[in-house]
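A.B. asks: Residues per chain, in single letters:
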Amino acid sequence: DAGVIQSPRHEVTEMGQEVTLRCKPISGHNSLFWYRQTMMRGLELLIYFNNNVPIDDSGMPEDRFSAKMPNASFSTLKIQPSEPRDSAVYFCATQRGARDNEQFFGPGTRLTVL
Amino acid sequence: DAKTTQPNSMESNEEEPVHLPCNHSTISGTDYIHWYRQLPSQGPEYVIHGLTSNVNNRMASLAIAEDRKSSTLILHRATLRDAAVYYCILRDVRRGGGSNYKLTFGKGTLLTVNP
Numbered sequence: 001d002a003g004v005i006q007s008p009r010h011e012v013t014e015m016g017q018e019v020t021l022r023c024k025p026i027s028g029h030n031s032l033f034w035y036r037q038t039m040m041r042g043l044e045l046l047i048y049f050n051n052n053v054p055i056d057d058s059g060m061p062e063d064r065f066s067a068k069m070p071n072a073s074f075s076t077l078k079i080q081p082s083e084p085r086d087s088a089v090y091f092c093a094t095q096r097g098a099r100d101n102e103q104f105f106g107p108g109t110r111l112t113v114l
Numbered sequence: 115d116a117k118t119t120q121p122n123s124m125e126s127n128e129e130e131p132v133h134l135p136c137n138h139s140t141i142s143g144t145d146y147i148h149w150y151r152q153l154p155s156q157g158p159e160y161v162i163h164g165l166t167s168n169v170n171n172r173m174a175s176l177a178i179a180e181d182r183k184s185s186t187l188i189l190h191r192a193t194l195r196d197a198a199v200y201y202c203i204l205r206d207v208r209r210g211g212g213s214n215y216k217l218t219f220g221k222g223t224l225l226t227v228n229p
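If you read the protein sequences in the order shown, they are chains V and R. The first sequence begins at 1 in the working numbering and counts up one residue at a time. The second sequence begins at 115 in the working numbering and counts up one residue at a time.
Pulled out of the complex, with its shape left as it was, chain V reads as follows:
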């Protein structure tokens, strides 16, 4: 298995532009998580899906952020409009079932908003 696939790996954009980050989970994994990592705040959970349904979005910072999981093999995290403070590494992680112990993380997308 290729593991969790994220694209793009790097994104540089200007303030105000829309940014879309993509994640392909490991086949058969029913739970999907989006995390954000910055030097100041460390790793923090943004949103959690189970069976394609958003279960916990309490970590989504504001309305500029939205996430979707239209099917079991694809998820997006969108920022519109983007701001410099959104610059971070965004990780997608998946696990087989809601009660599984091991989360598998993707390589991350490094976002820079100028």
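Rather than coming from a laboratory, the hints here were simulated on the basis of the structure. All clues given are correct.
Derived lysine-lysine pairs resembling DSS-like cross-links, with alpha carbons at most 25 angstroms apart: (1) V:K78 x R:K216; (2) R:K216 x V:K68; (3) R:K117 x R:K221; (4) V:K24 x V:K68; (5) R:K216 x R:K183; (6) R:K216 x V:K24; (7) R:K221 x R:K183.
A few chain V residues that face chain R, going by a derived Cβ cut-off under 8 angstroms, partial list only: (8) L43; (9) L45; (10) Y48; (11) F91; (12) A98; (13) E102; (14) Q103; (15) F105; (16) G108.
A virtual CB, placed ideally from N, CA and C, is assigned to each residue, including glycine.
Please build the complex by placing chain R on the supplied structure of chain V, with the hints as guidance.
C.D. replies: Just chain R now, kept in the frame of chain V:
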């Protein structure tokens, strides 16, 4: 959420054992102890987890104190590839609901391995 306390950094020599401590004095009876590590420029990866008994796998061993208020991750022979930030995380995977599946990452311990 129950919190964990880890040293900010530790240093080891290659091929020597490393003991990474974690304090979790407010752990509840249903909290599992998880360890993840993050190598430079990579996403975190699972290392090991346990509840009460000591655990071994191909990557490491986990020693859990009898009162469960602390635990130690043991790397038996450190290699340069083990240089990473190690996170100790408490997680209750028994109950339903979204927040119980969170991995709440602290600052972790930065392990440096000297050749």
